[in-house]
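Student: Sequence:
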Amino acid sequence: MSSSLLTALQASPTRLDLDCNDAAFGRAFSASLASSASSARVFCDMTSNSLLVLAEIAAADGARVPLLEESVRTAKALLQGKLQGGEKVLSFGLDGLDDDEKLQWLAVDVMTVSLGLQVLPHLQPRGMLHAQIACSLGTASAIEAHARRLSALYILLSRGNVSHERICIKIPSTLAGLEACARLEKDGIRTLATTCFSLEQALAADSDVAPYINALEAHFYEVEKPSVRRHADTSEALAIVARLQRALRRRQSRTEVVSASFLSLTEVFSLLGVDTMTLSRGVLTLLRDTPASDELVALGRASERRMDPASLSADAAQAEADEDTKAATPEALAAALSSERCAYLVADALARFTKAEEMLRALVRAEVARGPAAGDRA
Numbered sequence: 002m003s004s005s006l007l008t009a010l011q012a013s014p015t016r017l018d019l020d021c022n023d024a025a026f027g028r029a030f031s032a033s034l035a036s037s038a039s040s041a042r043v044f045c046d047m048t049s050n051s052l053l054v055l056a057e058i059a060a061a062d063g064a065r066v067p068l069l070e071e072s073v074r075t076a077k078a079l080l081q082g083k084l085q086g087g088e089k090v091l092s093f094g095l096d097g098l099d100d101d102e103k104l105q106w107l108a109v110d111v112m113t114v115s116l117g118l119q120v121l122p123h124l125q126p127r128g129m130l131h132a133q134i135a136c137s138l139g140t141a142s143a144i145e146a147h148a149r150r151l152s153a154l155y156i157l158l159s160r161g162n163v164s165h166e167r168i169c170i171k172i173p174s175t176l177a178g179l180e181a182c183a184r185l186e187k188d189g190i191r192t193l194a195t196t197c198f199s200l201e202q203a204l205a206a207d208s209d210v211a212p213y214i215n216a217l218e219a220h221f222y223e224v225e226k227p228s229v230r231r232h233a234d235t236s237e238a239l240a241i242v243a244r245l246q247r248a249l250r251r252r253q254s255r256t257e258v259v260s261a262s263f264l265s266l267t268e269v270f271s272l273l274g275v276d277t278m279t280l281s282r283g284v285l286t287l288l289r290d291t292p293a294s295d296e297l298v299a300l301g302r303a304s305e306r307r308m309d310p311a312s313l314s315a316d317a318a319q320a321e322a323d324e325d326t327k328a329a330t331p332e333a334l335a336a337a338l339s340s341e342r343c344a345y346l347v348a349d350a351l352a353r354f355t356k357a358e359e360m361l362r363a364l365v366r367a368e369v370a371r372g373p374a375a376g377d378r379a
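The numbering of the sequence shown is the numbering used here, which starts it at 2 and goes up by one.
Calculated directly from the structure, the hints in this document are not laboratory data. Predicted model, so just to flag it, every value in this text is computed and none were measured. Hints are not guaranteed to be accurate.
[Claimed, not checked] Ranges between beta-carbon positions, derived for each pair:
no., residue 1, residue 2, range
1, Arg160, Gly189, 48 to 54 Å
2, Ala25, Ala322, 45 to 51 Å
3, Gly189, Glu296, 41 to 47 Å
4, Ser142, Glu332, 50 to 56 Å
[As the list claims (entries may be wrong)] With a straight-line cut-off of 30 Å between C-alpha atoms, the simulated BS3-like cross-links for lysine-lysine are:
no., residue 1, residue 2
5, Lys77, Lys327
6, Lys103, Lys187
7, Lys89, Lys77
8, Lys103, Lys89
9, Lys83, Lys103
10, Lys187, Lys327
11, Lys327, Lys356
12, Lys103, Lys356
13, Lys187, Lys89
14, Lys89, Lys356
Virtual Cβ for every residue (Gly too), placed ideally from N, Cα, C.
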């Protein structure tokens, strides 16, 4: 394979995650690079959220209609007690819902998990499958219950072939979400604190953390705000991620940084050396098809050096460590979450994920309304 920007990225210590739920893309992308057995599976983990699930299920070509139908059938079978082991799935987070609501929530969970299981063969042997809890949930207990349900569903639908060690539940970096992460991690359920826009959120996480490079809304500018420059200034976000990576390495923490929400190749190479990047189909394709340039390769090398705490002078390193200690307090977290920038970015992301969740449940309702010819088929 000729030297490309992807080749340069793969030469760095940064791991790659697949930021889509499209198994066909994962297979084809890996095949296009497979010059050796070691390169056959380029992706470590698979990212998931309601927007990614919706993009697959509502695809214009209708290819996912059978999955929607099967998800409704599986959810009905769960509720009717027809799936052995299904009682554990039903024991988490469905109290207070009527039968129709239970069916809708379960069917969306089944879609999410089924898409993950389809991607599994295209991940590295120890790669993890993600699922994101419903962002409309506002309490730590409700978030924790949904996380446990998704984890149990992965194990059930994989027929036990997927263990807790390969499941990671994505949870928003709100106060309730971070509390739920801590509870789940203590019980051996892996979590990823997502929608992270500040150093304080990241340092408060008792889990791996996904700092966003771009606001989630930036991915929708072409449709919603065509007059707005597609790539807003991301210098603050890039600096936060580099600072976080140094802080965790300075502490020799096991917490992984999974940087997310990239829109440009410059952003990617500005964070080379971070633990992990989760990249979309568009960015991955650009990396593969763009010849390596001296400018971006040099940017990447500089970034790798910047991720190392030893890149700072002794005085600068001590000052940064002292500031990190102050940022890792409950008071600092509360202040960050209530700041104008962070509050807006988190609220916007949660609103977009919640809207996608509602649209998925609407698809389930429509499928059920079609009756025996569709969702009730044996």
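Student: Falls inside 48 to 54 Å, the C-beta gap from Arg160 to Gly189?
Tutor: violated, 20 Å
Student: Does the structure keep Lys89 and Lys356 at a Cα separation of 30 Å or less?
Tutor: holds, 28 Å
Student: Between Ser142 and Glu332, does the beta-carbon spacing fit 50 to 56 Å?
Tutor: violated, 24 Å
Student: Just to be sure I understand the hint, the distance between the Cβ atoms of Ala25 and Ala322 should be within 45 to 51 Å; is that true here?
Tutor: Roughly 46 Å apart at Cβ, these two residues keep to the hinted range, so it holds.
Student: Is Lys103 close enough to Lys356, meaning Cα to Cα at most 30 Å?
Tutor: holds, 18 Å
Student: Sort out whether Lys103 lies within 30 Å of Lys83, counting only the CA atoms.
Tutor: The given pair, whose Cα atoms are some 16 Å apart, holds under the 30 Å limit.
Student: Is it true that the CA of Lys77 sits at most 30 Å from the CA of Lys327?
Tutor: Violated, at about 50 Å.
Student: When you check the alpha-carbon spacing of Lys327 and Lys356, does it fall within 30 Å?
Tutor: The hint is violated at about 36 Å.
Student: Would you check the hint for Lys187 and Lys327, treating anything up to 30 Å between C-alpha atoms as holding?
Tutor: Judged against 30 Å, a Cα distance of about 25 Å means the pair holds.
Student: Hint check: Lys89 vs Lys77, CA-CA at most 30 Å. Holds or violated?
Tutor: Holds, at roughly 15 Å.
Student: Would the hint linking Lys103 and Lys187 be met if the CA-CA limit is 30 Å?
Tutor: holds, 28 Å
Student: Between the alpha carbons of Lys103 and Lys89, is the straight-line distance 30 Å or under?
Tutor: Between Lys103 and Lys89 the Cα gap is close to 15 Å, so the pair holds against 30 Å.
Violated hints, listed in ascending order, are 1, 4, 5 and 11; each of the other numbered hints is respected by the structure.
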